[in-house]
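Trainee: Take these sequences, add in the hints, and give me the full structure.
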Amino acid sequence: MDTKQMYSNSTEILQTVRKKKPIVHQITNYVTVQDCANVVLAMGGSPIMADAEQELEDIVRLSNALVINIGTLNGRTRSSMFTAAHIARDSGIPIILDPVGAGASSYRTQTVQNLISDLVPNVIRGNLSEIRSVAQLSSHTLGVDSAGCDGAEQVEETKEIACNLSRKLGCIVAITGKIDIVSDGTSIAIIENGHPALTRITGTGCMSTAMVGTCCAVTDDYFSATVTALLGMGIAGELASVHAGLGSFHTALFDHFSRLDGALLMQRGNLYVK
Amino acid sequence: MDTKQMYSNSTEILQTVRKKKPIVHQITNYVTVQDCANVVLAMGGSPIMADAEQELEDIVRLSNALVINIGTLNGRTRSSMFTAAHIARDSGIPIILDPVGAGASSYRTQTVQNLISDLVPNVIRGNLSEIRSVAQLSSHTLGVDSAGCDGAEQVEETKEIACNLSRKLGCIVAITGKIDIVSDGTSIAIIENGHPALTRITGTGCMSTAMVGTCCAVTDDYFSATVTALLGMGIAGELASVHAGLGSFHTALFDHFSRLDGALLMQRGNLYVK
Amino acid sequence: MDTKQMYSNSTEILQTVRKKKPIVHQITNYVTVQDCANVVLAMGGSPIMADAEQELEDIVRLSNALVINIGTLNGRTRSSMFTAAHIARDSGIPIILDPVGAGASSYRTQTVQNLISDLVPNVIRGNLSEIRSVAQLSSHTLGVDSAGCDGAEQVEETKEIACNLSRKLGCIVAITGKIDIVSDGTSIAIIENGHPALTRITGTGCMSTAMVGTCCAVTDDYFSATVTALLGMGIAGELASVHAGLGSFHTALFDHFSRLDGALLMQRGNLYVK
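Sequences listed follow chains A, B and C, in order. First residue of the first sequence: 1, per this note's numbering; consecutive thereafter. First residue of the second sequence: 1, per this note's numbering; consecutive thereafter. First residue of the third sequence: 1, per this note's numbering; consecutive thereafter.
Each hint should be verified, as a subset may be incorrect.
The calculated DSS-like cross-link candidates involving lysine-lysine, where the alpha carbons are at most 25 Å apart (straight line), are [said to hold, decoys possible]: (1) K178/A x K20/C; (2) K178/A x K159/A; (3) K159/C x K20/C; (4) K274/C x K178/C; (5) K19/C x K178/A; (6) K20/A x K178/B; (7) K274/B x K159/B; (8) K168/C x K274/C; (9) K159/A x K274/A; (10) K20/C x K20/B; (11) K4/C x K19/C; (12) K159/C x K178/C; (13) K4/A x K19/A; (14) K159/C x K4/C; (15) K19/B x K178/C; (16) K274/A x K168/A; (17) K20/A x K178/A; (18) K19/A x K178/B.
Which chain A residues face chain C? A few, computed with CB under 8 Å, are given here [claimed, not checked]: (19) T32; (20) G75; (21) S79; (22) S105; (23) S106; (24) P196; (25) R200; (26) T202; (27) S248.
Quick list of the computed label-pair ranges, beta carbon to beta carbon [what the hints assert, rightly or not]: (28) P196/C x D2/A: 55 to 63 Å; (29) Q5/C x D118/A: 54 to 62 Å; (30) N114/B x H86/C: 35 to 43 Å.
By construction, these hints were calculated from the structure, which means they are not laboratory data. Quick caveat, the model's predicted, so the values are computed rather than measured. Backbone N, C-alpha and C fix where the C-beta goes; we use that ideal spot for every residue, glycine too.
Mentor: Shown next, in the form of C-alpha cells:
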C-alpha cells in the first residue's frame, strides 16, 4: 500500500458509504452520543443507538458495523457491549472499539482488557494514553480529552506502540493526536491534518471512532477505512477552524462532515503511507 | 374541518403555547434528548425530562402532556413508560407516543404493542415503517432514521394506513416523511412542507413528536395540535435549508422554531385538510 | 471583599483555569451533559463524566472538583452521587451541587435534603424555587427551567434567603435568575448581567454550575469562584444575544465561553459586592 493507493481507496469508501447508507450500531456514552449519530448521517450512513440486552440480537444483525465506546460505562451497558460484540463477530460485521478513558480508572482499564481477551475488535482507536493502557504500558491520564501523539518527538515511539499492539492483537490500531498514526502491523499511515480546536470540544475522539465504524461498514479493508475516517476528521477540523469561537467551530465541523469526498481528501490530505 | 379552519386553529394553538408555557414531560432517548427539550422551549413551553419510577407520580401530575419516545429503551425506562402513561391517563393529560425503531427489534415492536393494548395514546407519530409495525403490517426497517411516505405514489396507501389505524385505536395517527399524513379517523391532513436535510440530522422525528406534545398540552383538539406541530417542523426545515451544511442547518432549525407563529404557517404552509 | 477585589480574583481564577487545566468530574443529567462538558473545555478545564459506582474511587481521586447535578436522577446515579461526594470530601476537593427541579418531586427534594444532611457541599447553585426547596421554604415549581430572582422587588427577599441558607449550612449559596445573588453568609455579590434568551434554551443553569465547578477547582476561595462563573455566564449570554434565533444564540454562547477573561469581565460586568 502506498499513499496514492490510499487516496484511491478513500475515495471509493466515501462514495460507497453515500451509496449503500450502511447501518452503524453504536453502544456509546451519553455525553457525545448525538454528535456520534450526526457524524454517521453526515457521511451518508444510518446510525442506530441501542444498548438494551433485550434487543441486541435483532439490532446487531441488521447492522453493518458495531462501534463500542466506553465513555460512560456502567454495569448494564458493559454487559451489553460483551453480548453485542459476540453477536457482531458471529454475524461477520466489524467491531470498532473506543477505549475512552482507559487508564483513568481500573474499571475502564479492566473492561477493555476483558473485552480484548474475550474477543479482539477489528479496529481500536484511542489517544496515546488510552492506547498505552490497552497495550499495558505505563501511562497517566489527564481527563478523557487528553492529547495523543503531540509532535515529532513522539512520532517514532507512537508508531512503534501502534505497530506492536497491532501485531500482538491482530487488529488495526489508530492513535490520534496532533499527528494520527494507523497501523495494521505491516503498513503505517501518518496523518498530519487536524487543528488544536478539535481538542477543545468534547466528542471529536468519539466521532472519529464513529467515522471509522461508518467506513468499516462498507469494506473489508479496515486499514483504509480507518485512515479515511481520520483524514476526514482532520480535514473537517482544519476547514472548520476558520471559526475561532468553539460554538461556531463545532457547527462548522458538521458542515464539513457533510461535504467530505475523495477530491477534498486528496486536495487537503497530509498523509504518508508506507 | 377544512384547511382554512386548520390555520385558524394552528394560530391559536401556537399563541396559547407562548401564553400558557405548558409543562411537557418527556420520557425519551439519550441521543436527541437535548434537542427535544430545546424545541419545547423554543415554542414557548417548559420541558421536564424525568424517568425515575420514584418521581413519576409527582412529575406527571404537574405536567400538561406526556411524550413517550422509545429511542433508547431499556428495562428500567420501559417500566417507567407504562407507569407514567397510567398516571397521565388518570390525570387527564394527553399521551403522545413516538415508536422509534418499531419493527427494528422485537423488543421495540413488542413494547409498543404492549403499551397500546394496555392504554391507547392520544397521538402516535412515526415514519411509515414504524407505523406499519404499530399497525402490524409487514415492513422492513432501515435504521431509525428511515423515511416515511416518500412521494405521490405512496400517498394513497399511507393515507389508508393512517386512517385505518386511527379508527382501530381511536387516536390521532401521524405518518411523517416527504409528505406528512395526519388522520383522526375521519379527517385527513396532508402536509407537503419539509426538506430532505431533515432526514440527514438525527432527532427531527423525535423533535416533531415533542412539538406535537407541546401543542397537545394546550388544547383538546389533538388533530389540530398534531397538524400544527408538523407544519411547524416542515416550515422550519424549509427555512433552515438555505444552509447547505448540516451543522448550520441544525442551528438554523432552532432559530426558526423560536419564530413559529400562525402568520408564518399560513404564508408558507402547503397543507390540505379534508 | 469589595467589587474591585472581586474582579482581581476573577481575573486570576480564569487565568489559573487556562494554565492548570483542572479536571472537573460531573455526575449529571443526560439532557444537558454535552454542553456541561463543552463549557468546561471552553474555559480551559478538562471534563470527565463518570457515574458508575465501580470507578468513582479512581475518577474522583484524579479530579479537582466534583459537580453533582440531579437533573435526571435515578436510583443508580443517586447512589453514585452519595459515594462520590464522600470520596470528594475525603480527598479535599470541592463539591458543587445543582439541585435541579428540587421541589418538583419529593424524590428530588428528599435526595437533596439527604445529600445535604449527609455532607454539606461547598457550593449550591439553583434558581429561586430550587433554593427555596433546599431551604425548606414553601414554593411552587414550574418545570425545571423556571425563573429565579425576577427583578428588583424580589432582590431583598432573595438576598435574605441566600444569606440565611449560607449561614445555616456553612456553604456558598448562589441563586440565579434575572439578577444573580451569591452569599458566603457574610458577603453578598449581586450580578445584573445576563439576557432572557438564557432561559429559552435548556442547560444554562446546569452549565453555570459546571462553570462554578471549573472555577472552584483552582482556588479555595469558593465565593470568588462562584461569582466569577456566574459573571462569565451572564456576560456570554449578553454577547450571544445579538443573535435573536435560539440556535444561533446557543452556538454564540460557546464562542463567548471560549473568550472569557478578566478584562472582559471588568469591561462588561454589572457586579456589586459588599
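Trainee: Taking the hints in turn, state whether each one holds.
Mentor: Hints, one by one, checked against the model:
1. A threshold of 25 Å between alpha carbons decides the hint, and for K178/A with K20/C the separation of about 20 Å falls inside it, so the pair holds.
2. Between the alpha carbons of K178/A and K159/A the distance comes to roughly 13 Å, so the proposed pair stays at or under 25 Å and holds.
3. This hinted pair does not check out: K159/C and K20/C have alpha carbons roughly 33 Å apart, beyond 25 Å.
4. Taking the CA atoms of K274/C and K178/C, the gap is about 19 Å. The hint holds against a cut of 25 Å.
5. A hinted pair counts as satisfied when its Cα atoms are at most 25 Å apart, and K19/C with K178/A qualifies at roughly 20 Å.
6. Among the hinted pairs, K20/A with K178/B is consistent with the structure: their alpha-carbon atoms are about 20 Å apart, no more than 25 Å.
7. As the CA atoms of K274/B and K159/B are separated by approximately 12 Å, the hinted pair is consistent with the 25 Å bound.
8. Taking the CA atoms of K168/C and K274/C, the gap is near 20 Å; set against the 25 Å cutoff, the hint holds.
9. For a cut-off of 25 Å, the pair hint linking K159/A to K274/A stands: about 12 Å separates their Cα positions.
10. Our distance criterion of 25 Å between C-alpha atoms is broken by K20/C and K20/B, whose separation comes to about 46 Å.
11. At roughly 23 Å between alpha-carbon atoms, K4/C and K19/C fall within 25 Å of each other, so this suggested pair holds.
12. Proximity of K159/C to K178/C is assessed by CA-CA distance (about 13 Å); at most 25 Å being required, the pair is judged to hold.
13. A hinted pair counts as satisfied when its Cα atoms are at most 25 Å apart, and K4/A with K19/A qualifies at roughly 23 Å.
14. Proposed proximity of K159/C and K4/C is supported: the alpha carbons are some 21 Å apart, at most 25 Å.
15. Restraint check for K19/B and K178/C: the C-alpha separation of about 20 Å stays at or below 25 Å, so the hint holds.
16. Between K274/A and K168/A, the direct Cα distance comes to roughly 20 Å. Compliance with the 25 Å bound is thereby established for this hinted pair.
17. For the hint pairing K20/A with K178/A, the CA-to-CA distance comes to about 32 Å; that exceeds 25 Å, so the pair is violated.
18. Taken as a hint, the K19/A and K178/B pair is honoured in the structure, with Cα atoms around 20 Å apart against an allowance of 25 Å.
19. For T32/A, the interface hint holds, since its Cβ comes within 8 Å of a Cβ in chain C; the closest pair sits about 6 Å apart.
20. A cut of 8 Å between beta carbons decides the hint on G75/A: the least distance to chain C is about 7 Å, and the hint holds.
21. Against a cut-off of 8 Å between C-beta atoms, the interface hint on S79/A is violated, since the closest Cβ of chain C lies about 12 Å away.
22. Because the beta carbon of S105/A sits about 4 Å from the nearest beta carbon in chain C, less than 8 Å, this interface hint is met.
23. Interface hint at S106/A: satisfied, since its Cβ lies 6 Å from the closest Cβ of chain C, which is below the 8 Å cut-off.
24. Against a cut-off of 8 Å between C-beta atoms, the interface hint on P196/A is violated, since the closest Cβ of chain C lies about 12 Å away.
25. For R200/A, the shortest C-beta to C-beta distance to chain C is roughly 5 Å, which falls under 8 Å, so the interface hint holds.
26. Checking T202/A against chain C by beta carbon gives a least distance of about 4 Å; that is within 8 Å, so the hint holds.
27. Taking 8 Å as the C-beta contact cut-off toward chain C, the hint placing S248/A at the interface holds, the least distance being around 5 Å.
28. For the pair P196/C and D2/A, the supplied restraint of 55 to 63 Å holds, since their beta-carbon distance comes to about 59 Å.
29. Checked against the hint of 54 to 62 Å, the pair Q5/C and D118/A passes, with Cβ atoms roughly 58 Å apart.
30. Judged by the Cβ atoms, the range 35 to 43 Å given for N114/B and H86/C holds: they are separated by roughly 41 Å.
Checked against the numbered hints given earlier, the structure breaks hints 3, 10, 17, 21, 24 and satisfies all the rest.
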